[in-house]
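Asker: Chain by chain, the residues:
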Amino acid sequence: MTKKIQLHAQDYMTDSNKRGLLLQLSVYDVPRLLTSDFDEKTGVLKIEFQYLDQEPARTEDLQNHLSLRVGKESGKIIGIDVPVEKFRIEEVLIGISHRLRDRADALPRQNQRSNYEFVSSVLDANKQSLAEAAI
Amino acid sequence: MPQFVRRWASYLEWFLVALLAVLAGLRTLDPEKASLELWRAALRLVRDKYFLLVAVIALLVFALKIVHSVLERWTANKGTLKTVLDNVHKTYFGDNSERAYEHRISLFRPRLNLRDLFKFKRPSRSLRLYARSGTAYSKSPRRFRIDDNNEGMNEGVAGRAWFINGKTPVVPLPEWPNGIEDPESDQTCRDYASGGFISVAQAADLRVKSRCLQATVVRKKTGERWGVLVFDSRDPDKVSSNQEQSVLVDVTVALLTHLL
Chain A
1 MTKKIQLHAQ DYMTDSNKRG LLLQLSVYDV PRLLTSDFDE KTGVLKIEFQ YLDQEPARTE
61 DLQNHLSLRV GKESGKIIGI DVPVEKFRIE EVLIGISHRL RDRADALPRQ NQRSNYEFVS
121 SVLDANKQSL AEAAI
Chain B
136 MPQFVRRWAS YLEWFLVALL AVLAGLRTLD PEKASLELWR AALRLVRDKY FLLVAVIALL
196 VFALKIVHSV LERWTANKGT LKTVLDNVHK TYFGDNSERA YEHRISLFRP RLNLRDLFKF
256 KRPSRSLRLY ARSGTAYSKS PRRFRIDDNN EGMNEGVAGR AWFINGKTPV VPLPEWPNGI
316 EDPESDQTCR DYASGGFISV AQAADLRVKS RCLQATVVRK KTGERWGVLV FDSRDPDKVS
376 SNQEQSVLVD VTVALLTHLL
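If you read the sequences in order, they're chains A and B. If you count the first sequence from 1, position 41 lands on 41 in the numbering used here, and the numbers rise without skipping. Here the numbering used here = 1-based position in the second sequence + 135.
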């Protein structure tokens, strides 16, 4: 089942620190739509973020067979492929969100760091809806 | 001027392609049957040097194609982009008075510094003015150096936006003191320069001493950086990060991306 969630930046930037981050975020790095699709045959949860532009993506492999699709030019997160058992989706999403936040600190460009922080907040806030999509 | 050259390069290209077809036809005619001496000589030339003529014309067509394509990139929608800047200026600054020229919206594009070749160095890149709102200061010799590998080498707030590939916060700048003889020794001048990410000499050289500015990168639809959009004003309160102005900045860059 495919789940689509419209994203409004202000909903994810509630405290003052995050509002500061939002001011720095370029409109190109704020996803507008979140799509998730769970393939029962392969057991892969595909999460896609849609942006203002249509930047081509390259794949980066992270730990535990987690694969990240990032923009070739900007390095922003375009998609995440998570091999996961259905009942563990929510738990896995929390793990991804933490991992993205940790990774953000080591990134060279500010636009990437802000984008990772934002995507991480989006995953935190929507983990339940994304998990329901797989049921 | 580039538009004019581009149009005529296109006409010439078509003419040369048509000439290739005409030459193929002329080659079949017998020069000895021609009555006029000049016509006979021309037909002989086509018959004897046919390959050379075709090769030269083909090369010319190829060269014109390159000229056309380079100019097309260079002149891409410039008039349209300027119209966007002019209209956003009215809404963003909301100033219809005679002092509206004190606020500007400028679009910068990266260019190679070919002068570096004369110093036997690899050409560096700078941001240069591409289009600007209004009619005042529509031309500017100002260059802001950019360097993707060295953050400190990026000049100006525009260079900063280019390097971070994003949007800078609003930068407030102090008032430049009048009639200052040695700006290097003045603290306000030094603050002005460091706040704007330029040297004191560069700041002193600016014709317009802005009091506040904000820059944001403009990307192509493919995510590649195309240029930098800068909002600046001599009024210290006219560029801000309030909700309305932030939204307008975002809408403008989104529009520019779709027009590129």
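Hints were generated in silico from the structure; no laboratory data involved. All C-beta atoms, glycine included, are put in the ideal place defined by N, C-alpha and C. Treat the hints with caution; some may be incorrect.
[Unchecked claim] Label pairs and their computed distance ranges (CB to CB): (1) ASP11/A to ARG369/B: 25 to 31 Å; (2) LYS356/B to LEU62/A: 24 to 30 Å; (3) GLN6/A to LEU249/B: 29 to 35 Å; (4) LEU62/A to GLU310/B: 49 to 55 Å; (5) LYS356/B to GLN6/A: 54 to 60 Å.
Asker: Does each hint hold? Answer for all of them.
Answerer: Right, here's what the structure says about each hint:
{"no.": "1", "hint": "ASP11/A to ARG369/B: 25 to 31 Å", "result": "violated (37 Å)"}
{"no.": "2", "hint": "LYS356/B to LEU62/A: 24 to 30 Å", "result": "holds (28 Å)"}
{"no.": "3", "hint": "GLN6/A to LEU249/B: 29 to 35 Å", "result": "violated (48 Å)"}
{"no.": "4", "hint": "LEU62/A to GLU310/B: 49 to 55 Å", "result": "holds (50 Å)"}
{"no.": "5", "hint": "LYS356/B to GLN6/A: 54 to 60 Å", "result": "violated (21 Å)"}
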